[in-house]
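Peer 1: Here the protein sequences come in this chain order: R and B. Numbering-wise (the numbering used here), the first sequence opens with residue 1 and increments by one. Numbering-wise (the numbering used here), the second sequence opens with residue 323 and increments by one.
Treat the hints with care, since some could be wrong.
[Stated by the list, open to error] Cβ-to-Cβ under 10 Å is the rule here; a few derived chain R residues that face chain B:
1. Asp36
2. Glu80
3. Met277
[What the hints assert, rightly or not] In silico lysine-lysine, DSSO-like type, Cα no more than 27 Å apart, as pairs:
4. Lys840(B) - Lys829(B)
5. Lys708(B) - Lys181(R)
6. Lys676(B) - Lys355(B)
7. Lys702(B) - Lys676(B)
8. Lys708(B) - Lys768(B)
9. Lys694(B) - Lys676(B)
10. Lys768(B) - Lys60(R)
11. Lys541(B) - Lys187(R)
12. Lys694(B) - Lys708(B)
[Unchecked claim] Taking CB as the label site, the calculated pair distances span:
13. Glu640(B) - Ser30(R): 23 to 29 Å
14. Gln72(R) - Asn609(B): 57 to 63 Å
15. Ile598(B) - Pro162(R): 27 to 33 Å
Derived from the structure by calculation, the hints contain no laboratory data. This structure is a prediction, so every number in the text was calculated from the model and none was measured. Note that the Cβ used here is the ideal one computed from N, Cα and C, for glycine as well.
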Amino acid sequence: MKDYIIRRIIIVIPLLLAISLMSFMIMQLSPGSYLDQMRLSPDISENLIREMEADFGLDKNIVMQYFSWLGQILQGNLGESFTYRVPVSEIILSRLLNTLILSMAAMLISWLISIPIGIYSATHRYSWLDNIFSIFSFVGLSIPNFFFALLLLFSIVRFNIPLPINGMTSIMYDFMTPLAKVIDILKHLLVPAVVLGTAGIASLMRQMRGQMLDVINKDYIRTARAKGLTEKRVIYKHAFRNAINPMITIFGFQLSSLFSGAALTEIVTGWPGLGKMMLTAVRSKDLYLAMAGLMMGSLMLIIGNLAADILLAFNDPRIKYE
Amino acid sequence: MKKKIIMISILIIFIFNFSAAAVELKDPWISEKEQGEHGGTLITTLLGDPKTFNTIIAKETSSSAITDGYIFEGMVTRNGVSTEYEAELAKDWEISEDGRKYTFYLREGVQWSDGEEFTADDVIFTFDLISDESIPTSSRDVMKVDGQFPEYNKIDKYTVEFILPTSFAPFLNNMTAPILPRHKLYSIWQEGDFNNSWGINTEPSEIVGTGPFKLADYKNGERVVMEKNQYYWRKDPAGESLPYFERWIRIIAESQETDSLLFENGQTHYLSVRGIDYRRMKEQEENSDFKLIDAGPTFSTNFLVFNLNPRNPNLEEEPYKYQWFTNLNFRRAVAYSFDKDTMINQALAGQGSKQWSAVSLPNKVFLNENVKKYPYDLEKARDELKKGGFEWNENGELFDENGNRVKFNMVTNAGNNVRESLLNIIASELRELGMEVNTNPIEFNKMVSQLSDEWNFDTILIGLTGGVEPHQGSNVWMSNGHLHMWNPVQEEPATDWEKRIDELFVKGASTVETEKRKEYYDEFQEIIAEQIPLIYTVTPNSIYAVRDSLKNTEITAYGGVLWNIHELYLEN
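So that you can see chain B by itself, here it is in the shape it has in the complex (with noise of 0.2 Å):
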């Protein structure tokens, strides 16, 4: 009897080593960062809940706030540093001479948190869902190279390569895309079903990445618990498998002021702190077991953009505006008026940033910092205005050369107190400057409308948030754009410099060198800024309040406090 006992256990430990050898890690990545303490309980908060956790068809913020990185992972990644790319699924890639073909190769042995192993399949079939019609996905556009989806193909286990019809260097961008397991989601696919898999309802254990955490449990409108995937490709310097944490647990806190007070309770490791309550959490650094931290500026951009559009209905009515509108030196008056130290005292609360380039400014690659300045001057205005042929009666109110009073509206989204701030502060100078400007806070659907095909609007405040790779922003600087919100989908340029922007983005998209590449983007943010259709504001800072017992964190804007979660560990 005991013999056969020891003889099952024998047979257990054997089949169990048996398992566990069949997929063996070969190419893990080792942190350099101090050895930290594994164990212990992140909690953290998050300002929505999920729509969805099949992160192909997500296209909210809250939805991929739960997946990207944290339980899907790409190829490649960016360094939240610098910004620049570094290997993540893949180990390593090489582009070719021409640009054209790009080879990865991926890490062997890596694992989905169900046991399951990581390999060239998985990558393919990503593919197969991005480029499938029937999936609405924003990544699939992207893809396109001139209107085509790249050709991939497996090479081996290992090895994939993606074949594209021109060289196109934005494409890497590209390949950060979250690679979701086959052997999952391959029969759901076959069955027509992918659209509406893996919805918040799903079992949390079904839902399966490569990620270093995995979904445990979600509770609808309360939090999202994660745990530690035991199979993570990155280890420790000691050789153990990250992340520290054992769990993680996201507090879903819809109100900023709760997700501030939660963290003052002592709840949660850390916290954007806004505008309005740095000063309060400033005097209680001093006493406390937290520090605040400026990351700098953001991404997020507040813009005053004019209808340059020659297709906008009232102007059967008010001819005159198109006339103000693309006369240069009127809306470099505008540009003059904006008082930016103002706006960051008033709207932001003094931490903020002054934009003048169309790159947001963490971009560290491919910023250009000479471009045209406006500094704030009333005087410089009135001179531009003078230029323009603009002139004032003795009331000081402006009119135009043909005698039209200068009116017009100034809308932005009503509930962005940023924004309404902003429109303020902007239309109280053009005031000054004798202008009769009607500021009005409407609904973001309505914004929208007017922007995207009504096209009737004299100027919004609004924004866009950027990202590091530039090409993302050409629907929004190539004339034929939805985006191109001045003049949206024009057929042929209208004017010389937006037919040279054009031509800037199809060559940088086409350049592989990013020092070429970031030449052609200089001038276009040049461009940009001499012929502002749009007019920068200021930009918000990140400020992060985070608990000194959190370790090894390296916070920046672009980052935040957790792009490198799997090095982070709590200290006891």
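Isolated chain R (complex conformation) (with noise of 0.2 Å):
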């Protein structure tokens, strides 16, 4: 097991480095460059273009351009963001924590409200309850994030519902104590996360349960069921057990989503994350801050997978790694 992490963590080192150089490449050879913008103002002069594609380096070749990027990574520099000339790792500082707040409520939502009620409606097939689960988790799959938030802050508008409806804390936030700072903040949370978490409960509800049909029809479920043991103990303990591997995996896809923030509910919501920064960061063509950014989700998704593995061989005997 100990000699399988090593391994995969090596293996992590070129993964890295490929995927760097792709998407540095994909932001360069894409059409454009963070100076476009000024193109288009008549006060900016082609000289002060010019000066400030060197300034960036961006005259240099693109081969030069990813060397001396990979170069500072090593050492720990993230480089500087165009935009904001602050070092990148600054910027998402300041906002890596309330992204972080806000994906674990959305995954804590969803993955405590979509696991009982994926078993429940596996083992009560076809019954109205399982019905009305499926036309919600339907609704909730093909609703898109950004109309779902707006149609809850307009009704919070609308009927008068004591919630906020921008923002991460209010405008008396500093004057709060830290209790109430804490429910100022949930408070906040509530929309985004509702939003987000919903959208995860229909797909990982409709996994949970079709897993859970799989198994039980299973020949050892009936074995179960015949030596006498109790319904309970045979779905919790024979059947979940089973049944709960690829959610294990998805999980793990989900933590790379942890860092990456979900830009259209943020914009919506106001809420302060890195989702919204990084999007325009790409579409600005803000190298460094969009590769930081595009850097931080490969690794994450790297972590993750290898973590949801060594779930996996906890929760399944059957699943050795040499």
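Quick one: dock chain against chain with the hints and give me the complex.
Peer 2: Here it is in structure tokens:
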């Protein structure tokens, strides 16, 4: 097991290098550069644009640019954002925690709700409650997040519900007691977390239901029942343990979204997370900021996968890594 | 013991008085509006985070919207209603008869928000920064006259002069540049760190200006909090220091939907109403505590530009396109097919104005309303096409005299709803005329590179935001400009009318009297309307929903709601 983990970690290095090379090239080879916005401003001369190009190092060839960026990264320097002119790490740090709070809350909501519902739906297949859950999950799957968020915000305004509609803290936040601060953030968290959470519930619930249905019809479940085990024991000890494996893999994938944020939901609810910032960075070609975001996402994806594999080994004694 | 305390208190009072008396404001400005109530918090929204607080290197309006006019001020400014020049940090100025020497007399006793006195040294320092080639600022190039940065000198503590190589009227517009504090930034600049100073991670108290507000707090992605500058030089009628507001909170609401909801929820004091929200807001207006105010057309423009560039790489394969686009009859036919009423109704939800001239509609100083207009008339458009040698086959498809089917692309940037719907309206009319038009919204960056270095487009629907000073558009209108979109960076003007525009812009810039300048710019607008290398569409009107409690407002499209923020106050 230990050897396996070490081997996996060693593989990460060339993988990350390849990902970074790919994303750097794609960023650079797509048309336009960060300075394009400025090219359309009547006040800015060609000269100034050329000076800035040189200042940012955008006039060198792409391979050179890549290696100098790589060199910086290896020294722990993520570079400087073109837009903000401050180190990329500072910009990301200022929003990292906010994104983490939101993604964790959303994940918690979606997993805590979807797993029990999935199991219930599978064991009570085609009951009226199962049908209601199915309808709910299809609606949840098909409704776009930003639209759902707008609907919620609109109802808050229309029906005068005492909930905030924008941001993460209220105006008086700085003058609150610590407890009031926590409550304030939770209030603000409600809409975005529910929006992102329900989007997750729908698909997770269907997954869980499908997996459970697969397992429930297996021979060993029949055997367990025939042995006279209680239904609870059959479901949770025998069926659930076998059905959960694919869910663990999904969990690993979801870990990667912890830091990448959810741009549209963040924009609509005004949550100061990383998603919107990274979207702007990619679109405006703020190279180093966008690269840092992409690399962070990739790293989390790799770590998430690794974590999922290890969890799988714990859950399922049949899986052994040599 | 008691005596000692009294002594110390007296001493403290003495020192305090002494330091307060050190700077005495000799030239305050007194509000002529009704006396307001001091205190209260103004709450408004911003559509994006600031990228820096360093206004000299700031390039996005999301940054300058925080600083300029509120934290930093220029020597002169423009009145939000008349758009004419007004004294700000300079109480007065003089222009020599030959138009080459500008002398500014600064207000005496103005203080920075940290209590230091504002003097001519700060002005000199600011222009040292702007002229420093290692600082990437857009202010430097516009300051240059004949390629030279003007000479600037400190005459005494409260007087500075600028000497230009030749007479250059737009120069005064540059004097609206925000002045920065020498005492805070000089050493940073000397160490070569200016470009990275005053970023968004700066301690708010470090950012010092002369404006009505100072920065109190910035929460990334959430809000900017500003506080009253207690040393501000504008006074209310009772002689107390303005602004009336104690605090000003600016919530960052990146989506305009959320912006509207915040206003409807009663959380903000005004809202810039979008066309599509107009009807909903109008319905609510009656039973609520706000009014809708139509401030008229904005400075933003949308136009269709033809590629008249002989260097277009696609011309090798399709040389006839150049023939069409340079055919004046063809361009006029397109102009006659612009159904601007439909554009206003569909793209701007009824809240817009038709634009005919190259100068933006709210520009009261320079707009020429008597230019050639092309009201919607497909018959006239067909006449123009006939005159231009085009003909139709039996299916109504249009061909040029050499038998080439008239077929071209029309692009705009994806994601701009107004432009996308304008594009469709234009294309459907042109199809009526028998043309085959491919409309295609593309990524903004791609559009810019087509426009500025690839030159391989057919037609583009795009917009620029104008200003009051016409010379600011010289990069667009002069034939050597890089934004002369139909045929950029020409060595020699390709046509006579472009040559004439070049001349008019040179004359317009070197003449000081506004009346005279207006004549030149009038002729320029007539030429553009005659030749229509680009055809203007419609301009959205700016409509504001403003709470009744906000008083002393004088809302215009140019100045918005907040241009006189120092005079605004909240009732109760």
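Peer 1: For each hint, tell me whether it holds in the structure or not.
Peer 2: Against the structure, the hints:
1. Asp36: It holds, given that the least Cβ distance between aspartate 36(R) and chain B is near 4 Å, below 10 Å.
2. Glu80: Constraint on glutamate 80(R) satisfied, holds at 8 Å.
3. Met277: This hint holds: methionine 277(R) lies near chain B, its Cβ roughly 8 Å from the closest one there, short of 10 Å.
4. Lys840(B) - Lys829(B): Between lysine 840(B) and lysine 829(B) the Cα gap is close to 11 Å, so the pair holds against 27 Å.
5. Lys708(B) - Lys181(R): Violated. Lysine 708(B) to lysine 181(R) sits at ~73 Å, over the 27 Å cutoff.
6. Lys676(B) - Lys355(B): violated (34 Å)
7. Lys702(B) - Lys676(B): With Cα atoms ~19 Å apart, lysine 702(B) and lysine 676(B) stay inside 27 Å; holds.
8. Lys708(B) - Lys768(B): At roughly 35 Å apart (the allowed maximum being 27 Å), lysine 768(B) and lysine 708(B) break the hint.
9. Lys694(B) - Lys676(B): The given pair, whose Cα atoms are some 13 Å apart, holds under the 27 Å limit.
10. Lys768(B) - Lys60(R): holds (21 Å)
11. Lys541(B) - Lys187(R): Status holds; Cα separation ~18 Å.
12. Lys694(B) - Lys708(B): Judged against 27 Å, a Cα distance of about 20 Å means the pair holds.
13. Glu640(B) - Ser30(R): 23 to 29 Å: holds (26 Å)
14. Gln72(R) - Asn609(B): 57 to 63 Å: At 60 Å between Cβs, range holds.
15. Ile598(B) - Pro162(R): 27 to 33 Å: holds (28 Å)
Consistency note: the structure conflicts with the earlier hints numbered 5, 6 and 8.
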